[in-house]
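For the protein sequence lines, the chains are A and B, in the order given. 1 is the number of the first residue of the first sequence in my numbering; add one for each residue after it. 1 is the number of the first residue of the second sequence in my numbering; add one for each residue after it.
It should be emphasised that the hints constitute simulated quantities derived from the structure, not laboratory data. Careful: at least some of the hints might be erroneous.
Facing chain A, a subset of chain B residues (Cβ under 8 Å, in silico) [what the hints assert, rightly or not]:
| # | residue |
| --- | --- |
| 1 | E12 |
| 2 | E67 |
| 3 | G69 |
| 4 | K260 |
| 5 | A264 |
| 6 | E266 |
Part of the chain A face toward chain B, derived, beta carbon under 7 Å [claimed, not checked]:
| # | residue |
| --- | --- |
| 7 | I86 |
| 8 | S90 |
| 9 | M100 |
| 10 | I101 |
| 11 | F116 |
| 12 | D140 |
Even for Gly, the Cβ is constructed at its ideal location relative to N, Cα and C.
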Amino acid sequence: MASLSTEELGQTVADAVAQRLGQSDPELRQMIAAEIDRTFKEATVPKRSAAASGDDERIVISATGHNTVGIVARLSAAIAEFSGDIQDISQTVVGDYFTMIIVVDISDATSQGTTFAQLKQRLLQIAEDMGIHVVALHDDILSSMHGI
Amino acid sequence: MVRSAFHTSPDEVQETLRMIEVEHLDIRTTTLSLSLLDIAGADAGVADRVYQRITEAGQNLVQVADEVGSDLGVPIINKRIAVTPISLIVGQGNPQRFIEVANALQRAAEDIGVDYVAGFSALVQKGFSAGDRAMIEVIPEALGKNSRLCGSVNVASTKSGINMDAVGQMGRTIKDLAQVTADEGGIGCARFVVFANAVEDNPFVAGAFHGVGEAQACLNVGISGPGVVCSALERLREKPPPGGLNFGNMAEVIKRMAFKVTRAGEVIGRVVAARLGERVEFGVVDLSLAPTPAEGDSVAKILQAMGLERAGAHGSTAALLLLTDAVKKGGIMASSYVGGLSGAFIPVSEDAHMVEAVRVGALSIEKLEAMTSICSVGLDMVAIPGDTSAETIAAIIADEMAIGVMNGKTTAARLIPIPGYGPGDVYSYGGLLGDAIVMPVNQFSADNFMRMGGRIPAPLHSMRN
């Protein structure tokens, strides 16, 4: 998929969708293709610029507490709002106890001027609302403590 | 910087979180160490120049350290300033100027929001200069009324021997300082250290100062972490390795923990130094395990986790050897720039389990002295009866200096003769200084020995038995 441009991707997906739905209206296909293209461009362009600068910035978020509806949803919504890219999630529920570790690349957020401190504050606010415990820390500390 | 792929396992993430949240892993201090040599003088403007130097260089220290602590998730407890020994900065041996500089240091500390500024210090291991004499003369007044000011005097070194005139004077200085701050349990003495072989890059107060061989400005970091080491040893005891528990695998566990704690210190130090601007260099990580009165954050408890009933029991010196050495080995591997005091601290009042050991009679001042022969840093935060004579205090210091001089290591004495208090009494300072329990001292006199003047010559360095 990486070899497709977003235009080609939009066209391919639009064609596949139209075929499944039995639609052959070329104008509709074109609209869908353009919509997909735009969405992908918005989502991927800042990431390319961050990758180009070679400045990945990773944080680790841990959430623990009693399992309630919406923990993952609310935390990931906040992360998305700050243009964080979730790279990995590990999650377990033991009994009614919930623990989750999320690895997030926040280089897009920082390249747009948002600070880790702002994201952290939002996450801690959510934690307080939901009665769970959230810790967010920069990966620099983990990499240096656990790698040689 | 291009980072590699994320390689920390969920177990390692959880271990880190446990270290921070449960086991009190923190950075004890980030100390901005500043040279004042270029602004020295005998004129009336020297105090203002000192004030300006500190407030300009250190204005962002607290904010930057707090931000870095928050970003990296490891709290930085103290932010401090160390300066060139003030005895070198004020010319013409004018005591009044020294008082003005002391007040300026206090004002600067208050204005930039650091809890201590250290370096009201003199180096007199071989003799007194005019500046040394004038500064030492005003120590009780300067430290007594400036609550954020810390001072130290180096009275001995392996290469120079022990300046016994200075040691004798320190006995009187400590008595006077306790008297000046008698309302607060002689708290002034908690901010004053007497050293042998003082180091130039120690980030820990009260003994910090900026050595003459240091750069213009650097940032030194003091790690903490007794709680982390203690928990790891307790887990090892609960779940011994297949071959059974032995000293080798105990040392291994301590080394691993020291490595991680030191790495945390190094990365934090580098980030803080970088954010303070290009004129501030990263200096060293001081590997000392520094306890706090918080439950579990105790070096004495580590000795208990090793199998001693209480710190001070026979075997404590051997246990401390294993601990101190393993901490150094793990830490050295983790950072290329290790310095400062780097050992295990055993400040009595600041370690709840040390206080308890004294209370139940397990730990005496004599045993503490023996323990200081193999770990940094000396008789630290030891409360003694308020009526102890200046000669006896000086004799306690002389013994401690002898250990440092003969063994080529730093030793120190931070003694508090609490006015009006006797053996077993407890004075609660609160905060990091904790609860001081008064330890009895030997009642036999050393007066005739201490009243002789002069120096004890430097020791021989061969035939070391």
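Tested hints:
1. With a least beta-carbon distance of about 5 Å to chain A, the hint placing E12(B) at the interface is held under the 8 Å criterion.
2. For the restraint placing E67(B) at the interface with chain A, the shortest Cβ-Cβ distance is roughly 7 Å, inside the 8 Å limit, so the hint holds.
3. The interface hint given for G69(B) is broken, as the beta carbon of that residue sits about 10 Å from the closest beta carbon of chain A, more than 8 Å.
4. A distance limit of 8 Å between C-beta atoms decides the matter here; for K260(B) the minimum to chain A is near 4 Å, and the interface restraint holds.
5. Interface hint status for A264(B): upheld, as the beta-carbon distance to the closest one in chain A is roughly 6 Å, under 8 Å.
6. The criterion of a C-beta within 8 Å of any C-beta in chain A is met by E266(B), whose closest approach is roughly 7 Å, and the hint holds.
7. Interface hint status for I86(A): violated, as the beta-carbon distance to the closest one in chain B is roughly 12 Å, over 7 Å.
8. Residue-level restraint check for S90(A) holds (minimum Cβ-Cβ distance to chain B is 5 Å; threshold 7 Å).
9. Against a cut-off of 7 Å between C-beta atoms, the interface hint on M100(A) is violated, since the closest Cβ of chain B lies about 10 Å away.
10. Residue-level restraint check for I101(A) holds (minimum Cβ-Cβ distance to chain B is 5 Å; threshold 7 Å).
11. Interface restraint check: F116(A) against chain B, minimum CB-CB distance 5 Å, threshold 7 Å, status holds.
12. At its closest, the beta carbon of D140(A) sits 6 Å from a beta carbon of chain B; the interface hint therefore holds under the 7 Å criterion.
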